[in-house]
Amino acid sequence: MSKSNWRHICALADIPLLGARRVQRARGPDVALFRVAGDRVYALLDRCPHKGGPLSQGLVFGEAVACPLHGWTIALDSGQALAPDEGCAARFEVRVEAGEVYLDQAQLDSQGLEFQPLRAGPCHA
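Positions 1 to 125 (the UniProt record's numbering) are the ones given, in order, by the sequence shown.
To be clear, the hints were calculated from the coordinates, so they are not data collected in a lab.
Just so it is clear, CB atoms sit at the ideal spot from N, CA and C, and this is done for glycine as well.
A hint or two may mislead.
Said to hold, decoys possible - Distance ranges between label pairs, derived from CB positions:
(1) G38 <-> L82: 19 to 27 Å
(2) H70 <-> A106: 28 to 36 Å
(3) P84 <-> C10: 32 to 40 Å
(4) A11 <-> G71: 25 to 33 Å
Start from the sequences and build out the full structure, keeping to the hints where you can.
Here it is in structure tokens:
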């Protein structure tokens with residue numbers, strides 16, 4: 001994928017360690033960026049697959065986030081709800097280069113525009 005497909009979002013330091021930052025899109029639900037140990041960054045649709053709770057306001061621990069509404073645990077690397085819960089939050093590709101965070105513009109333009117809670121089944125990359 002060419003560098004021109006990547007949109008600069010923010011500096012890595014703008015995302016709190018074990019925290020999140022919300023990214024607004026022109027249309028569709030927002031995207032949540034999560035920073036975990038080792039400065040790894042993940043991006044998910046900012047909606048829990050259960051009832052649409054804002055994942056960006058959840059508690060980040062390890063490689064997961066707990067939805068602030070009902071406590072569902074969502075894996076950051078896949079968007080998959082952890083058992084016993086089922087569902088998936090859309091995942092976005094992230095690039096971190098020289099302390100700057102980028103998202104794939106094509107995914108921002110197209111993925112997760114029509115959020116539907118309780119989308120059961122495995123996550124699709």
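Here's how the hints hold up against the structure:
Judged by the Cβ atoms, the range 19 to 27 Å given for G38 and L82 holds: they are separated by roughly 21 Å. The hinted range of 28 to 36 Å is satisfied by H70 and A106, whose Cβ atoms lie roughly 32 Å apart. For P84 and C10, the Cβ-Cβ distance of about 35 Å falls inside the hinted range of 32 to 40 Å, so the restraint holds. Between A11 and G71 the C-beta distance comes to about 31 Å, which sits within the given range of 25 to 33 Å.
Violated hints: none; the structure is consistent with every hint.
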